[in-house]
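If you want the building blocks of each chain, they are given just below.
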Amino acid sequence: MISPSASSASSSSKKKMKQAESKWRTAAQERIYRRRLLEALRSTASGAGPRAVKEAADSALALTARGQSQWSRAILLGRCRPRRKLLLKAGGKVRRGRRRPRPAAPVSVAVATGKKVRDRLRVLGRLVPGCRQLSAPSLLEEAADYVAALEMQVKAMRALADAFSAASLNAAAAGEAESRVV
Amino acid sequence: MGSGGRFGVGTGNSGAYMTAIAEPIQFEEEIRSLIQARFDAPPVSGGSFTALLGLSANQAVGLLHEPGAGEVSTSAAGLGHPLGCSPIFPSNAALADRAPSFPFFTAADSPASISGGGPSPPLKAEPPDSDSSPSLPVPIEKPRRPAKRKDREKQKAKGPSKKIKTAEEHTEGDQLPYVHVRARRGQATDSHSLSERARREKINARMKLLQELVPGCSKITGTALVLDEIINHVQSLQRQVEFLSMRLAAVNPRIDFGGLDGFLMAECGPLAASNGRGGVSLDPASWSSAPAPGTGLRKDLRPSQQSSTAWVYPYALIDHATSLFGYGAADSVPLNWNQSKTDL
Numbered sequence: 001m002i003s004p005s006a007s008s009a010s011s012s013s014k015k016k017m018k019q020a021e022s023k024w025r026t027a028a029q030e031r032i033y034r035r036r037l038l039e040a041l042r043s044t045a046s047g048a049g050p051r052a053v054k055e056a057a058d059s060a061l062a063l064t065a066r067g068q069s070q071w072s073r074a075i076l077l078g079r080c081r082p083r084r085k086l087l088l089k090a091g092g093k094v095r096r097g098r099r100r101p102r103p104a105a106p107v108s109v110a111v112a113t114g115k116k117v118r119d120r121l122r123v124l125g126r127l128v129p130g131c132r133q134l135s136a137p138s139l140l141e142e143a144a145d146y147v148a149a150l151e152m153q154v155k156a157m158r159a160l161a162d163a164f165s166a167a168s169l170n171a172a173a174a175g176e177a178e179s180r181v182v
Numbered sequence: 001m002g003s004g005g006r007f008g009v010g011t012g013n014s015g016a017y018m019t020a021i022a023e024p025i026q027f028e029e030e031i032r033s034l035i036q037a038r039f040d041a042p043p044v045s046g047g048s049f050t051a052l053l054g055l056s057a058n059q060a061v062g063l064l065h066e067p068g069a070g071e072v073s074t075s076a077a078g079l080g081h082p083l084g085c086s087p088i089f090p091s092n093a094a095l096a097d098r099a100p101s102f103p104f105f106t107a108a109d110s111p112a113s114i115s116g117g118g119p120s121p122p123l124k125a126e127p128p129d130s131d132s133s134p135s136l137p138v139p140i141e142k143p144r145r146p147a148k149r150k151d152r153e154k155q156k157a158k159g160p161s162k163k164i165k166t167a168e169e170h171t172e173g174d175q176l177p178y179v180h181v182r183a184r185r186g187q188a189t190d191s192h193s194l195s196e197r198a199r200r201e202k203i204n205a206r207m208k209l210l211q212e213l214v215p216g217c218s219k220i221t222g223t224a225l226v227l228d229e230i231i232n233h234v235q236s237l238q239r240q241v242e243f244l245s246m247r248l249a250a251v252n253p254r255i256d257f258g259g260l261d262g263f264l265m266a267e268c269g270p271l272a273a274s275n276g277r278g279g280v281s282l283d284p285a286s287w288s289s290a291p292a293p294g295t296g297l298r299k300d301l302r303p304s305q306q307s308s309t310a311w312v313y314p315y316a317l318i319d320h321a322t323s324l325f326g327y328g329a330a331d332s333v334p335l336n337w338n339q340s341k342t343d344l
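Chains as they are written, first to last, in the UniProt record's numbering: chain Y, 1 to 182; chain A, 1 to 344.
Think of the hints as simulated: they come from the structure by calculation, not from any bench. Incorrect hints may appear among the rest.
To be verified - Taking lysine-lysine pairs in the DSS-like style, the calculated list, with each CA pair at most 27 Å apart, reads:
(1) K23/Y - K208/A
(2) K115/Y - K208/A
(3) K219/A - K23/Y
(4) K219/A - K155/Y
(5) K115/Y - K219/A
(6) K23/Y - K54/Y
(7) K208/A - K155/Y
(8) K219/A - K208/A
(9) K155/Y - K54/Y
(10) K116/Y - K219/A
(11) K23/Y - K155/Y
(12) K116/Y - K208/A
I would like the entire structure built from these sequences, with the hints used as guidance.
In structure tokens form, the structure reads like this:
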């Protein structure tokens with residue numbers, strides 16, 4: 001197969017680099033995620049516990065990723081089982097079951113990387129959800145996307161938590177003031 | 001200076017060896033000539049300093065001991081040569097400091113090389129690989145195979161003229177069944193090393209991406225350390241998410257969600273106040289201005305509580321599964337709700 005010209009190839013690589021970073025940094029994405037986050041939080045039962053909140057936040061994050069990345073698909077698939085079919089269609093190359101066709105993927109690049117690097121790649125694969133049996137280049141790509149997404153998530157949640165606590169303080173103060181007046 | 005003559009590893013200027021110790025540049029040239037001489041003696045000790053010299057451990061120790069022994073003997077003889085390096089082999093920091101940033105270093109194993117990598121730019125044939133100096137050790141994996149080292153030596157010596165642009169871009173594309181890789185000048189052209197190099201380029205490109213993403217990684221050289229940093233960063237982010245979710249969980253039950261609609265698009269204080277009915281302002285601001293939302297919310301909390309009952313969030317429309325499809329529709333729906341609210 002004839003390889004395409006250098007210009008098109010370079011543009012594709014540049015696109016990849018742009019995707020990882022600016023995709024999660026745009027204000028539009030932030031807005032979208034915050035909306036989803038609020039939704040998710042509302043749908044959790046009050047007093048459900050921090051774990052439910054975290055799961056809701058992660059699901060919202062994965063949703064905002066639109067299933068284009070491995071980790072987002074893994075998160076979404078992990079939560080809602082009956083909807084796998086729809087997500088399969090949307091996400092594209094989602095495989096059924098946890099068994100990936102490349103169980104020795106991290107080792108396939110063993111020739112090019114040392115033992116320490118391989119160990120760390122394995123650890124990284126365990127950290128990023130759904131990326132355990134991924135080859136080194138795709139794992140690194142997923143990790144870049146995941147890191148950017150996580151940073152946005154932390155920022156949004158922190159702002160939300162601050163707003164929440166400020167609101168609750170104000171509500172308490174207002175309530176007190178009212179009761180005192182009355 | 002008879003001890004200099006004892007050092008017979010095939011160098012021409014062994015006589016100048018002792019003085020070379022005091023002068024880093026000459027010493028490095030010494031080492032380089034050693035390497036080129038000892039080409040066929042690949043290192044066995046896993047990328048340590050001896051790898052640099054291409055000598056066995058004993059020979060390297062002998063090398064190091066030479067100056068030390070020389071010092072001792074010459075001091076006895078009254079020369080008292082001022083040596084910077086100690087005769088103890090493990091503390092090879094002195095030599096490492098003087099050593100240039102040899103491409104044979106796998107920085108994972110020799111952190112001293114990172115600090116020592118800075119000085120000695122006057123070195124000649126260590127031109128940084130076309131893979132860029134920060135990741136200099138990265139593309140050079142453990143040089144266990146002398147063939148690879150030879151390749152790199154040749155490439156180093158001739159100065160890599162980089163004709164590999166097409167290959168790099170292609171390998172980053174990652175979707176081509178056929179990768180067209182052009183070999184660099186002086187590099188081996190057998191299919192194995194070509195495909196390996198292509199793979200390595202891919203990985204290095206992704207690593208660079210990650211390095212830019214994670215703060216403070218651009219200074220670190222060496223794949224393993226960079227990966228360390230990345231792992232730490234990911235773990236810390238995940239921990240932050242957990243803490244924040246704890247905070248949110250603690251605060252959740254007490255807050256009436258209706259009052260927080262202003263934060264969806266929060267341009268907080270003034271606009272939220274003007275929207276007395278607690279409507280959502282459509283300005284693309286963020287929650288980051290935390291103090292203002294607090295003040296704005298106080299005014300909002302009362303009036304919005306009345307409207308919150310009318311605020312039925314369109315859950316049905318934004319189903320988790322379907323939102324992937326109707327992405328645009330899902331986005332526009334809340335806006336419609338907002339507008340209808342303000343129309344009330």
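These are the hints, each one checked on the structure:
no.: 1; hint: K23/Y - K208/A; result: 17 Å, holds
no.: 2; hint: K115/Y - K208/A; result: 20 Å, holds
no.: 3; hint: K219/A - K23/Y; result: 25 Å, holds
no.: 4; hint: K219/A - K155/Y; result: 25 Å, holds
no.: 5; hint: K115/Y - K219/A; result: 22 Å, holds
no.: 6; hint: K23/Y - K54/Y; result: 22 Å, holds
no.: 7; hint: K208/A - K155/Y; result: 24 Å, holds
no.: 8; hint: K219/A - K208/A; result: 11 Å, holds
no.: 9; hint: K155/Y - K54/Y; result: 14 Å, holds
no.: 10; hint: K116/Y - K219/A; result: 19 Å, holds
no.: 11; hint: K23/Y - K155/Y; result: 15 Å, holds
no.: 12; hint: K116/Y - K208/A; result: 18 Å, holds
In terms of the numbered hints stated before, the structure departs from none.
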